Amino acid sequence: MVQLTAAPPNRFAAEQRAPRLSFSELDAGTLLLGLTGDWKLKAGLPTPAEVGKRLETAARVRRLAFDAAQLGAWGSGLLAFLVGVQDLCKTRNIQMDPGALPEGSRRLLKLATAVPERAGARRAADRSDFLTLVGNESLAQWRSGGQMLEFLGAALGSFGRLLVGKARFRRSDLLEIVFECGAAALPIVTLIAFLVGLILAFVGAVQLQQFGAQIYVANLVGIAMAREMGALMTAIIMSGRTGAAFAAQLGTMQVNEEIDALTTFGLSSMEFLVLPRMIALILMMPLLCIYADLMGILGGALVGIGMLKLTVAEYVNQTINGVGLTDFAVGIAKSSVFGVLVAIAGCLRGIQCGRSASAVGLAATSAVVTGIVFIISTDGIFAVLTNVLGI
Amino acid sequence: MPDTAEAHITVRDLDMAYGTFVIQHDLNFTIRRGDIFIIMGGSGCGKSTLLKHLVGLMAPARGEVLFGKQDLWKAEPAEQERLMRRFGILYQSGALWSSMTLAENVALPLGEFTDLGRAEIREVASLKLALVGLAGFEDFYPSEISGGMRKRAGLARAMALDPEILFFDEPSAGLDPISSRMLDDLILELRDSLDATIIVVTHELASIFAIGTNSVFLDVETRTIGASGPPKELRDHSDNPRVRRFLTRSADATLEGGSARG
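Top line first, the protein sequences correspond to chains A and B.
Counted from 1, the first sequence has number 348 at position 348 by my numbering; the numbering is strictly sequential.
Counted from 1, the second sequence has number 183 at position 183 by my numbering; the numbering is strictly sequential.
I should point out that these hints are in silico values taken from the structure, not numbers from a laboratory.
Since the model is a prediction, treat every value here as computed from it, not as a measurement.
Errors might be hidden in some of the hints.
[Said to hold, decoys possible] Taking lysine to aspartate or glutamate and the DMTMM-like style, the derived pairs with C-alpha atoms no more than 20 angstroms apart in a straight line are:
| no. | chain 1 | residue 1 | chain 2 | residue 2 |
| --- | --- | --- | --- | --- |
| 1 | A | Lys166 | B | Glu81 |
| 2 | B | Lys74 | B | Asp26 |
| 3 | B | Lys52 | B | Glu64 |
| 4 | A | Lys166 | B | Asp115 |
| 5 | B | Lys69 | B | Glu164 |
| 6 | B | Lys74 | B | Asp115 |
| 7 | B | Lys232 | B | Asp195 |
| 8 | B | Lys74 | B | Glu64 |
| 9 | A | Lys166 | B | Glu79 |
| 10 | A | Lys40 | A | Asp67 |
| 11 | B | Lys232 | B | Asp219 |
| 12 | B | Lys232 | B | Asp185 |
| 13 | B | Lys69 | B | Asp13 |
| 14 | B | Lys52 | B | Asp15 |
| 15 | B | Lys52 | B | Glu164 |
| 16 | A | Lys166 | B | Glu64 |
| 17 | B | Lys52 | A | Asp260 |
| 18 | A | Lys166 | B | Glu164 |
Just chain B, with the same shape it has in the complex (with noise of 0.2 angstroms):
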């Protein structure tokens, strides 16, 4: 990725905290139009809280996260909600309503902000189910399916809009190695051919490697961020330990014989 490609997400000086504890400080960071960003760490190092702050599920404690030139919190919440409809999310565990089939949880934000018709909004969502090989699933309900299609099926949930960024909450925990590898595929596919900035939260190396452009580490110990950049190059050159331990997996020198906590 070019280093004059246009700045899509601008993280400055942000503080995340609950109540007192602070989780992370000090973090500042870009992401650029169509990098696949990886924002990496041990477990409990806040990740999914950095997610949340960036989605607007979560307000700084202090900073600022900028959409191109706009601060989403200190948008007006009209503004706020049209910056974050911008945006898709794929949760941990797909997050799909369980009162609705999939087809209707891909239809309900279609129904809500496009002036399609029923008939279309149908079809449209049919059409997202069978980009992420869902097909013929249109009418099951989430319990009815496995992890990996629910999975599936919060994609093509959060591809309803055509967001021009896609955030992903751990993508591979609990799938095989091979769901794994095809929600990677679809990922690479997803950035090149709907051109969108894409965010993932993980800290799986195969996909880590395979697709991140860019990423953060954010440190449990220091509590800030440990490295930045493309993650082969943290893996070969970084001068932090922690991180190329990380990415190497290796284990704590004192831990002989045990293996690094993913």
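If we strip away everything but chain A, and leave its shape as in the complex, we get (with noise of 0.2 angstroms):
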């Protein structure tokens, strides 16, 4: 083996010397570099750049020799050194007299450059223009959007398979997804639900008082629970927590070759890991979105009884009369599709994920990104559609 430094006699010693480069005239034609103190990997080593001005000085110069009797420890700084120097001397003709320096060195000089470069090896610097790179983007764009709609139609032909009793799935992960998506979720849906109905009071409170209007708090917080936020709070919250975790295994998986070993039996990734996560999350997120509606009443009424010093008799009645079950209802079927959607995302970048451990990380990203990017956007669309139609 080779040795990768030479062990100095006080090779622990706390000061090292100073690595330093100097230039003498062997005789015409040669010139010698004197190499002193310690060259190991670090900065202010001097560099073949220096050699190569005072080649530029020395025309006649025809060959390189060294002198390294003053050489302390060395280590890949001063190899580095070297194979700059070498390549200085291919380019300009100069012949390197390697000679003079440690065995260890020269041997792995050699080393470095027994085998050539590959042609073709190094990858070319991408230097695309502004427009090439705008079109690659579009058409990556156009391509993924190809692909989420093929995603699209798979769920559905399985979802299909599924309704004629064809769809093969073990029922054991469909009951361990559902409860992990279902009543596992509960704490952080308390939690947020509740906080959420909360702010929604004190908010109101503090406008509604100034009208004597306070008992109002209910409806607002009743009205704005029930439609928007127990829905939307739990999509947003279960994207962030299932549709990432969803994405997390099947990338997982995927980098494992399970996937492949799937496919190969005959089984289709679609039907036995996508239909489970989709059916898990449509069955339980309008049953977490009515109990975050009944969080957020609670938090609301929190503030209303002890803020506002409404009675709970009232608070409840003015929310029993403030709030039909027509809200409830927009809440919920918005909360099964935002549901669909946060497995879609989330299986969908789980599939697409490639073959290494950043790559499930960015499939993670990717499926919280997609995921909130829909919910929104749908809920954009159903307060549209809700406005049109007078629900």
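Work from the hints to combine the two standalone chains into their complex.
Following this line, the structure appears as structure tokens:
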């Protein structure tokens, strides 16, 4: 084995000698490079460029030799310098005589140049112009849109097979996922929905108190939670919690070749992995949404009763009178749609995942981003639709 | 193996490409029934990619893959699935489904594609695990056992449906010499007892010579087959110097003191 460092007597001495490069002309046509001090990997080493500068001024130099008598410890720093000098010599047609260098460094230098660079192996720097970049990006977007549609189609197809009882997946997987995205999500949904209700009540209370209409805080919180915030907040929570988890699970399965193993057994990953996840979210999202609605109203009630001095009966009655069943129905309908969207975004990004650790991270991120974009834009469509239809 | 043995898999004029980058072109070879067929070559030459083409995970850029007389890639999806179910695959890392126990891993294809009852499936799964030396590990999860055991469990799953063709993707990668040797013995045993055709992607010389009855060498530089034939013959008589160098593990002449990259 080649020794990387020649151990000097005072290897562990706290003070290292600074690396220095000196030039002297040995005879006409021979340049002698004197190397002194410790040439270890650190900043401040002399560079091959200094040798190059020197060679500019001494045009008659035909040979390069080294004096390493004063060289202390050395490492890859020296080697990098030597490779640089060697390249310089090659381009200037100067003979380099490494004879006086330490034995190990000579051998490493030889090893570094033993295998010539493979032609075409080095990636050419990507210097596309602006238009090419825009074009490539648009094509990529177009393709990704196509992939999304393809995925949607396949998902629909597997739903079809589910309806005729032909879909293949494990019931135990479904139950596990139902638990994972239903019951296990309750604590975070409780916290967020309760606080959102509370915040809504505070915002309303300040304004409504000016008219002495603080009783309407109950309407404000009730309607806002039932129609909008309950469904929206659960969807966003589930996108961050479950959508990301789906993408990471499926992505890791992709990396581990587990999805390949399913495919080669003739088991569709769409039915086996995507379908149970979609069913679970479609079932659980409306339930979580109802729960979030109630939690939000509870949060509002805390402010109404604690701060606005309303009685429990007053608040409850006002809520019952002010919030209709339609309001709840709109929210619940939305939440089932959001459930599908979160599941699709998570599973799509997971199945598309590349085969590396960073690809899994990217898939999880992308699942959340896609999920939230889907949710908000669909919510916008819902707002317009309910308005037009007068619901 | 007599030359008269029936052709099991035939590859004709196969080109493999990732997008526009052709990784191997004009591949032609025949795998006979009962062969232990080795696909070998240096790192990055496309061995695993070729395996993906054979098992139906990647579509060829050109050419065909025939099982018997049937083209895997021209078959109807249902027919293709049926063809694919006739082979078992041991993936490089085992690729066990990580959310299931070993028994469930083996049982899943049995449950989906046979009419066995629950108890029978459980029994067959235990049997397959016992065949690969994992009796008693039925209820372990893949993450709870060692890499070598995971590989053997992957083999048990690959054998679940009594396949007639078994594919091995780098079976000895990451195994110590003894486990690797044991896996080789198991492969030989399976060939003889299951009467299966076996295809192994590997660059482990010891295994290549121990089990291979026929082989192709994928050349990374010319991007096509460098040689084909029984590995021992190739080592001694191949007229392709790169093949001989690979099989004798000798370094490039310009690389004094270095070692060949396996």
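Restraint status (C-alpha distance of Lys74(B) to Asp115(B) at most 20 angstroms): violated (29 angstroms)
Mind checking the alpha carbons of Lys232(B) and Asp219(B) for me, to see if they're no more than 20 angstroms apart? holds (18 angstroms)
Does the structure keep Lys52(B) and Glu64(B) at a Cα separation of 20 angstroms or less? The given pair, whose Cα atoms are some 13 angstroms apart, holds under the 20 angstroms limit.
Take the C-alpha atoms of Lys69(B) and Asp13(B), compute the straight-line distance between them, and say whether it is at most 20 angstroms. holds (16 angstroms)
Can the restraint linking Lys74(B) and Glu64(B) be considered satisfied, given a maximum Cα separation of 20 angstroms? At roughly 8 angstroms apart (the allowed maximum being 20 angstroms), Glu64(B) and Lys74(B) satisfy the hint.
When you check the alpha-carbon spacing of Lys52(B) and Glu164(B), does it fall within 20 angstroms? holds (18 angstroms)
Given the hint that Lys166(A) pairs with Glu64(B), test it: the Cα-Cα distance must not exceed 20 angstroms. At roughly 32 angstroms apart (the allowed maximum being 20 angstroms), Glu64(B) and Lys166(A) break the hint.
Check whether the Cα positions of Lys52(B) and Asp15(B) lie no farther apart than 20 angstroms. This hinted pair holds, its Cα atoms lying about 13 angstroms apart.
Hey, Lys166(A) versus Asp115(B), does the alpha-carbon distance stay inside 20 angstroms? holds (15 angstroms)
Agreement of Lys232(B) and Asp185(B) with the hint, judged by alpha carbon distance not exceeding 20 angstroms: Distance ~18 angstroms between Lys232(B) and Asp185(B) Cα, so the pair holds.
Keeping to a limit of 20 angstroms between CA atoms, is the pair of Lys166(A) and Glu164(B) held or broken? violated (27 angstroms)
Holds or violated: Lys52(B) with Asp260(A), Cα cutoff 20 angstroms? Given pair Lys52(B), Asp260(A) holds - Cα atoms ~9 angstroms apart, limit 20 angstroms.
Of the numbered hints given earlier, the model fails hints 6, 7, 16 and 18; all others are met.
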